[in-house]
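K.L.:
Next come the chains, spelled out residue by residue.
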Amino acid sequence: MKDIIYFDNAATTAVRPEVFEKMKRYFCDNFGNPSSIYKIARENKNSTENAREQIARVLNADKNEIYFTAGGSESDNWAIKCIAESYSNKGKHIITLSIEHHAVLHTCQYLETKGYDVTYLPVDEYGIVDIDKLKSAIRDDTILITIMAANNEIGSIQPIEEIGKIAHENGIIFHTDAVQAIGHIPIDVKKMNIDLLSLSGHKLYGPKGIGALYIKKGIKINPLIHGGAQERNRRAGTENVAGIVGLGEAIRLINEDMPEELKRLTYLRDKLIDGILKNIPYSRLNGHREKRLPGNVNISFEFVEGESILLLLDMKGICASSGSACTSGSLDPSHVLLSIGLPHEKAHGSLRLTLGRNNTEEEVDYIIKELPPIINRLREMSPLYEEFIKNKI
Amino acid sequence: MYSEKVMDHFMNPRNVGEIENASGVGTVGNAKCGDIMKVYLKIENDMVIDAKFKTFGCGAAVATSSMATELIKGKTIQEALKITNKAVMEALDGLPPIKVHCSCLAEEALHAALWDYAEKNGITIEGLEKPKADIHEDEEIPEED
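Chains A and B supply the protein sequences, listed in that same order.
Using the working numbering, read the first sequence as starting at 24 and increasing by one per residue.
Using the working numbering, read the second sequence as starting at 353 and increasing by one per residue.
What the hints contain is simulated information worked out from the structure, not anything from laboratory work.
Accuracy of the hints is not assured; some may be wrong.
Calculated Cβ distances over 12 Å to all of chain A for the following chain B residues [to be verified]: (1) 370; (2) 387; (3) 418; (4) 451; (5) 474; (6) 477.
Once the Cα atoms are required to be at most 35 Å apart in a straight line, the calculated DSBU-like pairs of lysine-lysine come out as [claimed, not checked]: (7) A:413 with A:314; (8) A:45 with A:158; (9) B:394 with A:415; (10) B:384 with A:137; (11) A:231 with A:115; (12) A:62 with B:384; (13) A:301 with B:482; (14) B:472 with A:415; (15) A:47 with A:86; (16) A:239 with A:314; (17) B:384 with A:301; (18) B:425 with A:413; (19) A:47 with A:25; (20) B:472 with A:339; (21) B:384 with B:394; (22) A:231 with A:68; (23) A:413 with B:472; (24) A:243 with A:158; (25) A:231 with A:188; (26) A:239 with A:156; (27) A:62 with A:86; (28) A:413 with B:357; (29) A:68 with A:294; (30) A:413 with B:482; (31) A:137 with A:240; (32) A:339 with B:404; (33) B:482 with A:392; (34) A:413 with B:394; (35) A:137 with A:115; (36) B:394 with A:301; (37) B:384 with A:294; (38) B:484 with A:415; (39) B:357 with A:392; (40) B:472 with B:394.
Idealized CB from N, CA, C, for every residue including glycine.
I would like the entire structure built from these sequences, with the hints used as guidance.
P.N.:
Structure (C-alpha cells):
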C-alpha cells in the first residue's frame with residue numbers, strides 16, 4: 024500500500040501521467056502563441072481546437088459552444104455575473120440553491136449589492152432541491168436559475184434535467200455548476216436542457232488553472248475578461264495551451280472510463296459507508312444514500328470535532344477533509360451541513376472522504392480499520408461524550 | 353500550520369481525564385462554535401496539586417487545554433491567576449491567528465474552575481472575575497496573514 028492514502032478527490036485530483044505526458048511539449052518546445060501566424064503557433068491552435076472538440080463530445084455540445092477559462096470559479100463568475108448583466112432588461116431575479124459552492128453563492132451575494140434579487144432555495148434533509156419550491160420561486164422577472172449538478176461536500180445529485188425543463192418552460196436561462204459531476208456521472212447538455220455549464224480540469228485528473236464554460240448557441244453573454252479576441256471575442260487572454268490540452272485529454276479519458284469507474288467507485292463508496300456506520304456508533308451519513316456521487320462519503324460523528332479527526336488521520340497517512348468550523352476558516356461549520364438540518368455540533372464532527380481512480384479496496388479496508396480507534400480516542404477526551412454516557416446510565 | 357509543540361500536546365495530551373471530588377470544575381465554550389473545555393482542579397492549602405481536562409474541539413483546543421493544565425499544576429492560586437492565554441500560546445511556540453481564541457478559552461477554563469472552587473468554599477479570590485461561559489460572543493475573527 025502507498026505511504027499516502029488520498030481520500031480527498033473532491034478537493035483536487037492527481038494529474039494522470041498520460042495527461043501530463045501530452046502537456047509537456049507545450050512548455051519549452053511548442054510554446055507559440057496560438058494567435059500568431061507561424062507554424063509552431065498554428066499547430067498550437069490545432070491542439071486547443073482538438074481539446075475543445077473532446078470536451079464538446081463529452082457534453083454532447085458543439086465545439087463552438089465551449090469556452091476555456093481559468094477554472095470552475097471563473098466559469099461560475101462569468102456565467103452568473105454576465106448573464107445577469109446581459110438580461111437585466113428582462114428582469115433582475117435569480118434563483119439558486121442554499122448549498123451551492125461559494126463561487127456561486129458569493130457571486131449571487133455580490134449581485135444582490137448591485138440591485139439584483141436572489142432566491143436561495145432550501146434543500147431537504149438529503150441535500151436535494153424541492154421541485155415544487157423551485158416552481159413557486161419563479162417570477163415574471165426571473166432571468167436565471169443556477170443550480171449545481173452535484174454537491175462538493177455531501178455528493179447529492181440534483182435533478183438537473185427536470186430543473187432545466189422547468190426553466191425552459193418559463194423562458195428562464197439555466198446554468199449548472201457541474202465541476203464535481205463532469206466525468207463522474209453522465210451529463211448531456213441537450214437532454215438535460217442546460218444553457219450554461221461550468222467545469223474544471225483538476226477535479227477530473229487534469230491540471231489546475233484550467234476550466235471551461237459551455238454556452239449554448241444563441242445565449243447572449245458579455246465577456247467577464249476583456250482585452251483580446253481569444254475564445255471568439257468572449258474571453259480574453261493568451262490561451263493556456265498546455266492546460267487546455269491537458270483538460271481535453273483528461274476529459275476524454277475519464278469519459279471513456281466512466282461506465283466501469285462508476286460501478287467500481289459506487290461499490291467502494293458503499294463498502295466504506297457501511298463499514299464506518301457499522302463499526303462506529305453515534306455516526307450518521309450526510310447526504311442521500313443513492314442520489315450521490317460515486318466517490319463521495321460524508322459522515323458525522325457525534326461528540327468529536329472534525330479537525331481533530333483530520334490530524335489523527337494524517338498521522339496514519341490518510342488525507343481527508345471536514346466541514347467543521349476549524350477547517351472552514353470561520354466560526355461556523357459548513358453551510359451545506361447546516362442547510363440539510365444538522366445541528367452545529369454534528370456539523371463540526373463531519374468527515375468527508377472522496378474516492379477516485381487511484382483508490383483501491385485495500386485502502387478502503389485500511390481506513391475502515393483505522394477510523395474507529397481515532398473516533399474512540401477523541402470521544403474519550405470529549406466532555407460531550409462524558410455527559411452523554413453519564414445521562415445514559 | 354501548527355508548531356511541533358502544539359502537535360506534541362495534541363498527539364500526546366497531558367492530564368486528560370476527570371478528578372473525582374475535584375475542588376473546582378469549570379466548563380467553557382459551546383458546541384455551536386465547535387469547542388468546549390472542561391477543567392478539573394484539585395486544590396490543597398491554596399495550591400493546585402492536580403489538574404485534568406476534557407475537551408471537544410480542534411487540535412489547538414486540545415493542545416491549549418493540555419498546556420494550560422500543565423502550567424497550573426503546582427501553582428498557588430495567586431500564581432495560577434497569572435496564567436494568561438499569551439502564556440499558554442508562548443509555551444506552545446505560538447498558534448495560527450484563527451486559533452488564538454482556543455488559548456483564550458483555555459485561560460477562561462482555568463478561571464472557571466477556580467471560580468467554582470471559590471464558590472464551593474465560600475471564599476473570594478482576589479483578582480478573579482466571574483468567568484464568561486462563552487468567550488465567542490465578543491470575539492472577532494482575525495484576518496488571515
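K.L.:
Hints first: check each against the structure and report whether it holds.
P.N.:
Taking the hints in turn, this is what the structure says about them:
At roughly 7 Å from the closest C-beta of chain A, the C-beta of residue 370 (chain B) falls inside 12 Å, breaking its exclusion from the interface. Look at residue 387 (chain B): its CB is around 7 Å from the nearest CB on chain A, not clear of 12 Å, so calling it non-interface is violated. At the 12 Å boundary, the C-beta of residue 418 (chain B) falls inside the reach of chain A, the nearest C-beta of that chain being 10 Å off. The beta carbon of residue 451 (chain B) sits about 8 Å from the closest Cβ of chain A, which is not more than 12 Å, so the claim that it is off the interface is violated.
For residue 474 (chain B), the condition that its CB be more than 12 Å from all CB atoms of chain A holds, with the nearest at approximately 26 Å. Separation of residue 477 (chain B) from chain A is adequate, the least Cβ-Cβ distance of about 24 Å exceeding the 12 Å criterion. The straight-line distance between the Cα atoms of residue 413 (chain A) and residue 314 (chain A) is roughly 38 Å, outside the 35 Å bound, and the hint therefore fails. Of the supplied pair hints, the one linking residue 45 (chain A) and residue 158 (chain A) is violated, its CA atoms being roughly 46 Å apart against a limit of 35 Å.
Of the pairs offered as hints, the one joining residue 394 (chain B) and residue 415 (chain A) holds, with about 27 Å between alpha carbons and a cut-off of 35 Å not exceeded. Note on residue 384 (chain B) and residue 137 (chain A): the hinted pairing holds, with a Cα-Cα distance of about 33 Å set against a maximum of 35 Å. Proximity of residue 231 (chain A) to residue 115 (chain A) is assessed by CA-CA distance (about 33 Å); at most 35 Å being required, the pair is judged to hold. Taking the CA atoms of residue 62 (chain A) and residue 384 (chain B), the gap is near 62 Å; set against the 35 Å cutoff, the hint is violated.
This hinted pair does not check out: residue 301 (chain A) and residue 482 (chain B) have alpha carbons roughly 45 Å apart, beyond 35 Å. This hinted pair checks out: residue 472 (chain B) and residue 415 (chain A) have alpha carbons roughly 27 Å apart, not beyond 35 Å. With a C-alpha separation of about 24 Å, the suggested pair residue 47 (chain A) and residue 86 (chain A) falls inside the 35 Å cut-off, and the hint holds. Using a Cα cut-off of 35 Å, the hinted pair residue 239 (chain A) and residue 314 (chain A) holds, with the two alpha carbons roughly 27 Å apart.
The straight-line distance between the Cα atoms of residue 384 (chain B) and residue 301 (chain A) is roughly 27 Å, inside the 35 Å bound, and the hint therefore holds. Our distance criterion of 35 Å between C-alpha atoms is met by residue 425 (chain B) and residue 413 (chain A), whose separation comes to about 27 Å. Using a Cα cut-off of 35 Å, the hinted pair residue 47 (chain A) and residue 25 (chain A) holds, with the two alpha carbons roughly 26 Å apart. Taking the CA atoms of residue 472 (chain B) and residue 339 (chain A), the gap is about 45 Å. The hint is violated against a cut of 35 Å.
The hinted pair formed by residue 384 (chain B) and residue 394 (chain B) meets the criterion: a straight-line CA distance of about 29 Å does not exceed 35 Å. The suggested pairing of residue 231 (chain A) with residue 68 (chain A) holds, with an alpha-carbon distance near 21 Å, which does not exceed 35 Å. The suggested pairing of residue 413 (chain A) with residue 472 (chain B) holds, with an alpha-carbon distance near 22 Å, which does not exceed 35 Å. Restraint check: the Cα-Cα separation between residue 243 (chain A) and residue 158 (chain A) comes to about 24 Å, which is no more than 35 Å; the hinted pair holds.
Taking the CA atoms of residue 231 (chain A) and residue 188 (chain A), the gap is near 33 Å; set against the 35 Å cutoff, the hint holds. A distance of roughly 26 Å separates the Cα atoms of residue 239 (chain A) and residue 156 (chain A); the hinted pair therefore holds under the 35 Å criterion. With a C-alpha separation of about 23 Å, the suggested pair residue 62 (chain A) and residue 86 (chain A) falls inside the 35 Å cut-off, and the hint holds. For a cut-off of 35 Å, the pair hint linking residue 413 (chain A) to residue 357 (chain B) stands: about 33 Å separates their Cα positions.
Taken as a hint, the residue 68 (chain A) and residue 294 (chain A) pair is broken in the structure, with Cα atoms around 46 Å apart against an allowance of 35 Å. At most 35 Å may separate the alpha-carbon atoms for a hinted pair to count; residue 413 (chain A) and residue 482 (chain B) meet this at roughly 27 Å. Between residue 137 (chain A) and residue 240 (chain A) the CA atoms are separated by roughly 27 Å; this keeps the pair inside 35 Å, and the hint holds. Taking the CA atoms of residue 339 (chain A) and residue 404 (chain B), the gap is near 27 Å; set against the 35 Å cutoff, the hint holds.
Between residue 482 (chain B) and residue 392 (chain A) the CA atoms are separated by roughly 46 Å; this puts the pair beyond 35 Å, and the hint is violated. Between residue 413 (chain A) and residue 394 (chain B) the CA atoms are separated by roughly 21 Å; this keeps the pair inside 35 Å, and the hint holds. Taking the CA atoms of residue 137 (chain A) and residue 115 (chain A), the gap is near 10 Å; set against the 35 Å cutoff, the hint holds. Of the pairs offered as hints, the one joining residue 394 (chain B) and residue 301 (chain A) is violated, with about 40 Å between alpha carbons and a cut-off of 35 Å exceeded.
Restraint check for residue 384 (chain B) and residue 294 (chain A): satisfied, since their Cα atoms lie roughly 31 Å apart, inside the 35 Å limit. For the proposed pair residue 484 (chain B) and residue 415 (chain A), the alpha carbon gap of about 29 Å is at most 35 Å, so the pair holds. Restraint check: the Cα-Cα separation between residue 357 (chain B) and residue 392 (chain A) comes to about 28 Å, which is no more than 35 Å; the hinted pair holds. For the suggested pair residue 472 (chain B) and residue 394 (chain B), the alpha carbons sit about 13 Å apart, so the restraint of at most 35 Å is met.
Hints 1, 2, 3, 4, 7, 8, 12, 13, 20, 29, 33, 36 from the list above are not met by this structure, while the remaining hints are.
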